[in-house]
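Trainee: Residue strings, one per chain:
There are 2 protein chains.
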Amino acid sequence: MPSNRQILLDNRPEGEAVAGNFKLVTTDTPALKEGEVLVRHHYLSLDPYMRGRMNESKSYAQPQPLGEVMIGGTVGEVVESKHPKFKTGDQVVGMGGWQEYSVVDGNAPGMLRKVDTTHVPLSYYLGAVGMPGVTAWYGLTQIIAPKEGETVVVSAASGAVGSAYAALAKARGCRVVGIAGGPEKCAYAVDELGFDACIDYRQHPDVKTMAKALKEACPNGIDGYFENVGGYILDAVLLRTNAFARVAVCGMIAGYDGAPLPLQNPALILVNRLKIEGFIVSEHMELCRRRCRNSARWSRRAS
Amino acid sequence: MPSNRQILLDNRPEGEAVAGNFKLVTTDTPALKEGEVLVRHHYLSLDPYMRGRMNESKSYAQPQPLGEVMIGGTVGEVVESKHPKFKTGDQVVGMGGWQEYSVVDGNAPGMLRKVDTTHVPLSYYLGAVGMPGVTAWYGLTQIIAPKEGETVVVSAASGAVGSAYAALAKARGCRVVGIAGGPEKCAYAVDELGFDACIDYRQHPDVKTMAKALKEACPNGIDGYFENVGGYILDAVLLRTNAFARVAVCGMIAGYDGAPLPLQNPALILVNRLKIEGFIVSEHMELCRRRCRNSARWSRRAS
Chain G
1 MPSNRQILLD NRPEGEAVAG NFKLVTTDTP ALKEGEVLVR HHYLSLDPYM RGRMNESKSY
61 AQPQPLGEVM IGGTVGEVVE SKHPKFKTGD QVVGMGGWQE YSVVDGNAPG MLRKVDTTHV
121 PLSYYLGAVG MPGVTAWYGL TQIIAPKEGE TVVVSAASGA VGSAYAALAK ARGCRVVGIA
181 GGPEKCAYAV DELGFDACID YRQHPDVKTM AKALKEACPN GIDGYFENVG GYILDAVLLR
241 TNAFARVAVC GMIAGYDGAP LPLQNPALIL VNRLKIEGFI VSEHMELCRR RCRNSARWSR
301 RAS
Chain E
1 MPSNRQILLD NRPEGEAVAG NFKLVTTDTP ALKEGEVLVR HHYLSLDPYM RGRMNESKSY
61 AQPQPLGEVM IGGTVGEVVE SKHPKFKTGD QVVGMGGWQE YSVVDGNAPG MLRKVDTTHV
121 PLSYYLGAVG MPGVTAWYGL TQIIAPKEGE TVVVSAASGA VGSAYAALAK ARGCRVVGIA
181 GGPEKCAYAV DELGFDACID YRQHPDVKTM AKALKEACPN GIDGYFENVG GYILDAVLLR
241 TNAFARVAVC GMIAGYDGAP LPLQNPALIL VNRLKIEGFI VSEHMELCRR RCRNSARWSR
301 RAS
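Chains G and E, in that order, give the protein sequences. For the first sequence, position 46 (counting from the first letter as 1) is numbered 46 according to the working numbering, and the numbering increases by one without interruption. For the second sequence, position 44 (counting from the first letter as 1) is numbered 44 according to the working numbering, and the numbering increases by one without interruption.
In case anyone wonders, no lab produced these hints; they're calculated from the structure. Check each hint, because a few of them may be wrong.
[Unchecked claim] With a straight-line cut-off of 20 Å between C-alpha atoms, the simulated SDA-like cross-links for lysine to any residue are:
1. E:LYS208 <-> G:PRO260
2. G:LYS114 <-> G:GLU77
3. G:LYS87 <-> G:PRO109
4. G:LYS87 <-> G:ALA31
5. G:LYS208 <-> E:SER57
6. G:LYS85 <-> G:GLY110
7. E:LYS147 <-> E:GLY221
8. G:LYS208 <-> E:PRO260
9. G:LYS23 <-> G:ASN4
10. E:LYS208 <-> G:ALA259
11. G:LYS208 <-> G:GLY182
12. E:LYS82 <-> E:ALA31
13. G:LYS114 <-> G:MET95
14. E:LYS208 <-> E:ALA254
15. G:LYS208 <-> E:PRO262
16. E:LYS170 <-> E:GLU148
17. E:LYS208 <-> G:PRO262
18. G:LYS170 <-> G:GLY194
19. G:LYS208 <-> E:ALA259
20. E:LYS23 <-> E:GLY97
21. E:LYS87 <-> E:THR118
[Said to hold, decoys possible] Distance ranges between label pairs, derived from CB positions:
22. G:VAL18 <-> E:ARG51: 46 to 56 Å
23. E:ASP116 <-> G:SER57: 50 to 60 Å
24. E:GLU148 <-> G:ALA17: 36 to 46 Å
25. G:PRO219 <-> E:PRO84: 40 to 50 Å
26. G:SER282 <-> E:MET285: 35 to 45 Å
27. G:LYS147 <-> E:ARG51: 31 to 41 Å
28. G:GLY221 <-> E:PRO48: 19 to 29 Å
29. G:LYS212 <-> E:LYS87: 51 to 61 Å
30. G:ALA259 <-> E:LYS215: 19 to 29 Å
31. E:GLY149 <-> G:ASP10: 39 to 49 Å
32. G:ALA259 <-> E:ASP105: 52 to 62 Å
33. E:PRO48 <-> G:ALA17: 41 to 51 Å
34. E:PRO48 <-> G:SER123: 47 to 57 Å
35. E:LYS215 <-> G:PRO63: 21 to 31 Å
Values in this document were obtained by computation on a predicted structure and should not be read as measured data. Think of the CB as a built atom: it goes at the ideal place given N, C-alpha and C, for glycine as much as any other residue.
This is chain G alone, in the form it adopts within the complex:
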């Protein structure tokens, strides 16, 4: 049985999470029972939602228990199997957590899924064709539903979700504008990911300057916005929305470490007849699996 390095949540962060909130332990992987599968992880997806799980209070999901392996999406390879559906060498995606190996009940629905890596590299199943990709797909196509020629914006543009969003929105004939932190990320968004423009929020640290930058980057106004951050960036975007714009709320990272950040002018929801909708992608995976198989080829460069 190989030894397994695991990262546990040791205590709950106040404000930003730091190394001292976690504990590294080394254990032996247990002998498999009938129906179980041992997976060696090749990649772990580190995602913003994890910060919410570290809090004590219940959000839309239960908090991460203390003293247990941190939750996280993983891709890897089956190294031992006592389940007829899985065999050694299978490439799989699952929620293996922050550890090198995981033991998975092969019968538990949705816990472990074989993936085909002949055309798509394994790591992409944590990116463009994984949870971030379907997140972008769901928000863009099911909430924003842009028409050709419309302008759509996304915050955290250079991340896994933002990059898939750009590819999907460009394929639909939209002008795509990103918001990211720092000149490197912005250059990467435009040069590599296909954004038409990308605004550096560090250069525009308040509502007024951000709204000005958005006006320049979105001369025809904003028809759709994919929200990952919240705070003053959301305030600025709403000021530039066209009538009947749609806002998909996927994350509000800016408030994850502390007190809630208010929305300064909710009356704009009425004035501009906005539709604002929050969603959690794990509740829509079935729809995504049925509908978004074509995402991969639009998103090659986005992973």
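Fit chain E to the supplied structure of chain G, relying on the hints for placement.
Mentor: Below, chain E without anything else, positioned relative to chain G:
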């Protein structure tokens, strides 16, 4: 030609509108030109949107021009006509404004509409089967779309929109909870309008006490909310929303007289996967005319 008392907007209010913002003038109604109709108003609808029009800044509509008759929905009777479609004695609904008579171009689309008062009293065309009624219908059926047994809430519950909302929601098998100002309005909402409960916001003047009152009045949480007021009431309602609740934003009266009122915790949009949608009923009149003819019989007691 009868003489016509008219109320003009004389100057723009700062804060609450007061009598000094208006001017009463008496003019003679002009001689009719070909195609015109002279209407004597029997009722004027005094609505919250008017406060927004009194401001200089453009909202979703142009501001009310100074020195002109204040805008407003009216019902009345044709007293003279030079249009073949209208004859003396016809009962009509239109946007006659704050005056006793209006001269209307009978050819202008949607400006004047004959109504049938054999089964529905004339005044109801400014209430349950008029703009407030279709407003309630649109928000409830097209945005909130409640299922039987769900709990739906409305602010400004004892007003024209709130009363129609109660009737429509009860007809759909919902628990209907109102929010209104003062014990008289709340008693009226429960005893006369059919609300299952009504919360007096004057007794619950902050988020915490309002959220507590909502918890008691909505033991199964809130599935739909029709927003007329904004401010801390909206904050409190969002705290009590169930997952996938819908919020129809029709008005934000609380902020009409001054600075915008922030929404304290927009992260709830994500946590509770809310859908929040603003709408202006005049943009949906065609749909309403096609779809909501049955509202009248559900709303008899609501006008």
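Trainee: For every hint, state whether the structure bears it out.
Mentor: Okay, the hints, checked on the actual structure:
no. : hint                              : result
1   : E:LYS208 <-> G:PRO260             : holds (16 Å)
2   : G:LYS114 <-> G:GLU77              : holds (9 Å)
3   : G:LYS87 <-> G:PRO109              : holds (18 Å)
4   : G:LYS87 <-> G:ALA31               : holds (16 Å)
5   : G:LYS208 <-> E:SER57              : holds (18 Å)
6   : G:LYS85 <-> G:GLY110              : holds (13 Å)
7   : E:LYS147 <-> E:GLY221             : holds (14 Å)
8   : G:LYS208 <-> E:PRO260             : holds (16 Å)
9   : G:LYS23 <-> G:ASN4                : holds (14 Å)
10  : E:LYS208 <-> G:ALA259             : holds (17 Å)
11  : G:LYS208 <-> G:GLY182             : holds (19 Å)
12  : E:LYS82 <-> E:ALA31               : holds (10 Å)
13  : G:LYS114 <-> G:MET95              : holds (13 Å)
14  : E:LYS208 <-> E:ALA254             : holds (18 Å)
15  : G:LYS208 <-> E:PRO262             : holds (17 Å)
16  : E:LYS170 <-> E:GLU148             : holds (9 Å)
17  : E:LYS208 <-> G:PRO262             : holds (16 Å)
18  : G:LYS170 <-> G:GLY194             : holds (8 Å)
19  : G:LYS208 <-> E:ALA259             : holds (17 Å)
20  : E:LYS23 <-> E:GLY97               : holds (14 Å)
21  : E:LYS87 <-> E:THR118              : holds (17 Å)
22  : G:VAL18 <-> E:ARG51: 46 to 56 Å   : holds (50 Å)
23  : E:ASP116 <-> G:SER57: 50 to 60 Å  : holds (57 Å)
24  : E:GLU148 <-> G:ALA17: 36 to 46 Å  : holds (44 Å)
25  : G:PRO219 <-> E:PRO84: 40 to 50 Å  : holds (48 Å)
26  : G:SER282 <-> E:MET285: 35 to 45 Å : holds (40 Å)
27  : G:LYS147 <-> E:ARG51: 31 to 41 Å  : holds (34 Å)
28  : G:GLY221 <-> E:PRO48: 19 to 29 Å  : holds (27 Å)
29  : G:LYS212 <-> E:LYS87: 51 to 61 Å  : holds (57 Å)
30  : G:ALA259 <-> E:LYS215: 19 to 29 Å : holds (22 Å)
31  : E:GLY149 <-> G:ASP10: 39 to 49 Å  : holds (44 Å)
32  : G:ALA259 <-> E:ASP105: 52 to 62 Å : holds (56 Å)
33  : E:PRO48 <-> G:ALA17: 41 to 51 Å   : holds (46 Å)
34  : E:PRO48 <-> G:SER123: 47 to 57 Å  : holds (55 Å)
35  : E:LYS215 <-> G:PRO63: 21 to 31 Å  : holds (22 Å)
Consistency with the previously given hints is maintained throughout, with no hint failing.
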